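*Asks:* Sequence:
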Amino acid sequence: MKTYHFAGRLTVLVATVCLFLGLLVPLGVPGRVEAAVSPLADKAVQFLHHDYLKNGLINSEVGVGSYAFYVLSQAGVDAGAWVRQGVSFREAVLKAVRDDLDKAGEVRAKQLAQDLVAMQALGEKDLAGRLLQVLKNRQTDKGFEDIGPLSIYSNMPAFDLLSRAGLMDQINTGLARNYILEKQYVKAQNALYGSWGSLDGNAYYADFMATAQAVRVLHCLDPEKKDPQVQEAIKNGLAWMQKQQKPDGSFVAGMDDPVIDTAEVIVTLKTLGMDPAAWKSSAGKSAVDYLMNKSLNADGSFGTSGNAMDATWVLWACLALEGKAKNQATQPQSGSQDESGRQAQPGMVASFTDLKGHWAEGAINRLVQMQVASGYPDGTFKPEEQVTRYEIASMMVRLLKPAAVSRQNLLMLDRKFKDSRYIPRWAREAVAVALREGIISGYPQPDGTLIFKGEEPVSRAELAAIMARIIEKKYGKVASEELDFADAEQIPAWAKEAVGVAYAKGVAGGYPDRTFRAEKKVTRAEAAAMLLRLADVL
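Just so you know, numbering that gives the first Met the number 0 puts 65 at position 66 of the sequence shown, and the rest follows in order with no gaps.
A couple of the hints might just be wrong.
[Said to hold, decoys possible] Think about it this way: if two alpha-carbon atoms lie no more than 27 Å apart in a straight line, the pair counts; the simulated DSS-like pairs of lysine-lysine are:
| # | residue 1 | residue 2 |
| --- | --- | --- |
| 1 | Lys-135 | Lys-225 |
| 2 | Lys-182 | Lys-234 |
| 3 | Lys-519 | Lys-224 |
Because the hints were derived from the structure by calculation, they are not lab data.
Nothing here was measured: the structure is a model prediction, and the numbers come from that model.
Build the full structure now, drawing on both the sequences and the hints.
*Replies:* Written as structure tokens, this is what we have:
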């Protein structure tokens, strides 16, 4: 956070990859974090509440603004109900975001991304969609803005927040990857090697937050560790970060606030599935030791700056450390189990054991909270398992919430599909409703009949076609976007228009290598990401 090295430098927000820490608990009373969160987190909430009542909304990470609102919502705090001079925090945030949109061309990308995640937390789909579109329109090979060497301190947190919101595949991930790799310092094997930062004249300054954010975003872009260049960049970035540890367990680069850099380490290592307590100083202390024992000041503030930014970062680090324990402490609510073996738990986000650091973790957790998706009884989600037509039909119906199934719908199902008797009981009503709503169709057979083949995995082209039907049912005829994918010619003729419609609405996108891969079977993770984007445009 080299704010003090040169004038005009903007501080950078912390973010986790693909909403790693988006495990929400039910909303609590104003100013109070749920009991499962540590007492230190509760102190951070109290500081932010007091700061808001004293200073009002300051829409910057150094004040209580849209980003603080987002982190508070992740902690389960009903901060929107905080009232100052007759105006609730929720109303103040909405006004600030609308003001930013009115002058979007003058607002830094980082601030727009902070506004975006706050609007997601509030369920303001229209505002969130408009903010995302502004960022998409801005992106080039120079990031979201290119106003000089300090642009990295707006571009990097913007990428980080988009990954945390589950929206990275809404932008050009290839450009994002190349931008981040290009900005890493690898010119010389010295103390700066592996960091991210900026030039001030001829001098290069390494920045701790920019480095931590870059590592998290690269991890989001390559969760399966298939890109050697990305993995090498992550390794070098982590090595530089570890060298900044002080004997008391804290992390400090230059004149940074140790609380900020230490929180960054905790969030980053948790995002990568690593234990923050494992990085020990020469005195045997860890970042966790410092956070828990030395971050809180006698006056209730945190760190050397003692401002809202410190309190926000402490709260987020506490959520990183205790998010899993928080869900373990929450008793499952009653829910129904279908014959697929998945347990639905209404209104609750599960702590799936196989989602740590997964690129779609945020999208999956949001869909579970919305009661659209569910996991398996053994605590897994199986994100890389292929999704079947039965599952897609079920999730679509739960997302759209159409009228309940009728006896006539079930009779129509039997008349329509020759293989209807093989449809399992758990999926039967959903398939009948999906058929009635025109969401799904069958496969023609030589004898003129149709079969549903619900056990078959869904291809990307098929899912795009289903989503295009839903989109046009809401909006009417939608102009198909020109398909500029590298493999556009391989998209089947029957699916091209549908893919173009889904692409135009931002529901379907491509891979970092600019391919669409129409015949590729959709994984549960990919389905979650696309369904969430569909929900945002409906």
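*Asks:* Now tell me, hint by hint, if it's right for this structure.
*Replies:* Verification of the supplied hints:
| no. | hint | verdict |
| --- | --- | --- |
| 1 | Lys-135 - Lys-225 | holds, 26 Å |
| 2 | Lys-182 - Lys-234 | holds, 15 Å |
| 3 | Lys-519 - Lys-224 | holds, 20 Å |
Checked against the numbered hints given earlier, this structure breaks none of them.
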